[in-house]
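J.: The lines below spell out each chain.
Number of protein chains: 2
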Amino acid sequence: MLDYKLLAALAAVVEQGGFERAANALGLSQSAVSQRVKLLEARVGQPVLVRAAPPTPTDLGRRLLNHVQQVRLLERDLQAQVPELEGARPERLRVAINADSLATWWAEAVKDFCHQHNVLLELVIEDQEVGLKRMRAGEVAGCICAAEHPVAGAQGLLLGAMRYRALASPAYMAHYFAGGPSVSTLAQAPAIVFGVDDQLQHRYLDALGVKGDFAYHLCPSSEGFVRFLQSGLGWGLVPELQVEGPLSRGELVELFPTRFIDVPLYWHYWRNGGTLLAELTRHLRRAALKVLVPL
Amino acid sequence: MLDYKLLAALAAVVEQGGFERAANALGLSQSAVSQRVKLLEARVGQPVLVRAAPPTPTDLGRRLLNHVQQVRLLERDLQAQVPELEGARPERLRVAINADSLATWWAEAVKDFCHQHNVLLELVIEDQEVGLKRMRAGEVAGCICAAEHPVAGAQGLLLGAMRYRALASPAYMAHYFAGGPSVSTLAQAPAIVFGVDDQLQHRYLDALGVKGDFAYHLCPSSEGFVRFLQSGLGWGLVPELQVEGPLSRGELVELFPTRFIDVPLYWHYWRNGGTLLAELTRHLRRAALKVLVPL
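The listed protein sequences derive, respectively, from chains X and D. No gaps in the numbering here: position 245 of the first sequence is 245 in this note's numbering, and each next residue is one more. No gaps in the numbering here: position 284 of the second sequence is 284 in this note's numbering, and each next residue is one more.
The hints are simulated quantities; they were obtained by calculation from the structure and are not laboratory data. Among the hints, a few may not be true.
Restricting the straight-line Cα-Cα distance to at most 30 Å, the calculated cross-link-like pairs of lysine-lysine (BS3-like) are [claimed, not checked]:
no., chain 1, residue 1, chain 2, residue 2
1, X, K133, X, K38
2, X, K5, X, K38
3, D, K133, D, K5
4, X, K211, D, K5
5, D, K133, D, K290
6, X, K290, X, K133
7, D, K211, X, K5
8, X, K133, X, K5
9, D, K133, X, K133
Label-pair distances were calculated between CB atoms; the ranges are [as the list claims (entries may be wrong)]:
no., chain 1, residue 1, chain 2, residue 2, range
10, D, N24, X, H149, 23 to 29 Å
11, D, G45, X, H149, 43 to 49 Å
12, X, D3, D, V71, 51 to 57 Å
13, X, G180, D, R163, 38 to 44 Å
14, X, G250, D, G212, 48 to 54 Å
15, D, A174, X, V293, 31 to 37 Å
16, X, R285, D, T58, 36 to 42 Å
17, D, Q128, X, L39, 30 to 36 Å
18, D, A174, X, Q188, 51 to 57 Å
19, D, Q116, X, E251, 18 to 24 Å
Listed next, the stretches of chain X that the computed footprint assigns to chain D, with coverage defined by at least 3 CB atoms under 8 Å from CB atoms of chain D [to be verified]:
no., stretch
20, 98 to 104
21, 118 to 129
22, 210 to 224
23, 230 to 236
Every residue gets a Cβ at the ideal spot worked out from N, C-alpha and C, and that includes glycine.
Here chain X stands alone, though its shape is the one from the complex:
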């Protein structure tokens, strides 16, 4: 069998983002961690880590980590059957998630799961293919994202959709769209975009026939995004779930009430991930029925 002491050292270095932190997490000296990773490399005859800040796994390292992730989940099932094996330390579960889910429905959806199963979550914000890439790399046990196609060995479950509405403050509307928003005024009025991967505003304008460039602020924070809207810095697409209060109080208003974008959300998880992932899947499915838009 593989030497899991060595694999655990590799996993800790990648998950903690460095040798010193890995040593702290494992309760070892830094040189012990370093020795273990070197020994692992000697055994497999190739580097498993790129020594940068932070260290990143090589292709081979990624395959090893992917394996570690799944072994951990299976171990957890074993512990449930043979409780003598180890004390009831809380389990850590790493999940990649899109920023807007984390900012809205996720906490309520997982709270009972975390309490019942004594689980601590380590969340990583990634959207689209990047979350899946982390899953393939064995860095996370599951992934919430808009991408449909699961990675090999995993399952992708459609949870529903988040409905995004195009909003702005009343002062912004009066300033930029005095006669109502139109193709010509929309091209000139500053928008807010979450990050370079956020194409929602582009899609919205495209559907309205606004072609080419438009002016926008880049604001990579879910809460900051809403504050930008409320301060009248721009218009932008936000999950309905996130702005129920400001919408009902009239602090934010819709550009075109009948135009919205539904973004599908998938839960990707290992098919052989054990009962813990199956339980989490059950909780997510139930929560999604309540908060997401059915597709």
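Starting from the known structure of chain X, arrange chain D on it as the hints suggest.
T.: Then chain D, alone, in the frame of chain X:
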């Protein structure tokens, strides 16, 4: 003089995170952008970019980008004096900022500045030394962070402090701290930590005499953090500014009302950054007086 067409190509590749996006942003073909970067490398006799996904600047590349950043700011002043030079295209200003500032006071602080000077912001979330590293690398024009020492050529202005309070939901308090929080119960009760660099919870526990490890969820989203608190998943330190509503409604309560942590915030900007940065500095200073805690 340097060939700024080539430098602009380098800047676009780094800022946009790739050759294809840089080409779109510059309105050039991808091969033209690639040619320009290669020509720049031929002139300086060294690589300026590491061709990875995303491409990152080499040390020399960083020094060139740093220079580009400052030239852009000076050009802007010139345009203000000689308006014939170019149309009134909005200026893009890249700023590194800590997540909690972006989630709270930033939008209101900069809205008048953005309107008056026709500025679009590109914000990058980084805390501590990383934001300053980006400044040194010429990737951003300014930086809001808790680190005091400015990079060479820049100025660090103390804006004030954000006050963090340790909060949890009433249900969480009843479950974990029925007899009030204590050294022994705090070590067992799950906390929430923003990311591996977030040491606030560690400091808080340390000051209370709770030594060693403690259980925590990792939740790298300002809004998600508050949702985790409200769902009773853990306790954690949050900026007072962010939770005025939930605190006043009793949805979140304090662990120890007299214990808080004040985190200083500095605004770092180039000393020779022209009037635009000076104006932004004036707006930030004025806003900080209203919302931050004086130090």
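J.: For each hint, tell me whether it holds in the structure or not.
T.: Going down the list of hints, with the structure as the test:
no. : hint                        : verdict
1   : K133/X - K38/X              : 25 Å, holds
2   : K5/X - K38/X                : 12 Å, holds
3   : K133/D - K5/D               : 25 Å, holds
4   : K211/X - K5/D               : 26 Å, holds
5   : K133/D - K290/D             : 29 Å, holds
6   : K290/X - K133/X             : 29 Å, holds
7   : K211/D - K5/X               : 26 Å, holds
8   : K133/X - K5/X               : 25 Å, holds
9   : K133/D - K133/X             : 27 Å, holds
10  : N24/D - H149/X: 23 to 29 Å  : 26 Å, holds
11  : G45/D - H149/X: 43 to 49 Å  : 45 Å, holds
12  : D3/X - V71/D: 51 to 57 Å    : 55 Å, holds
13  : G180/X - R163/D: 38 to 44 Å : 43 Å, holds
14  : G250/X - G212/D: 48 to 54 Å : 50 Å, holds
15  : A174/D - V293/X: 31 to 37 Å : 35 Å, holds
16  : R285/X - T58/D: 36 to 42 Å  : 48 Å, violated
17  : Q128/D - L39/X: 30 to 36 Å  : 34 Å, holds
18  : A174/D - Q188/X: 51 to 57 Å : 54 Å, holds
19  : Q116/D - E251/X: 18 to 24 Å : 23 Å, holds
20  : 98 to 104                   : holds (count 4)
21  : 118 to 129                  : holds (count 6)
22  : 210 to 224                  : holds (count 10)
23  : 230 to 236                  : holds (count 4)
The structure shown violates just one earlier hint, number 16.
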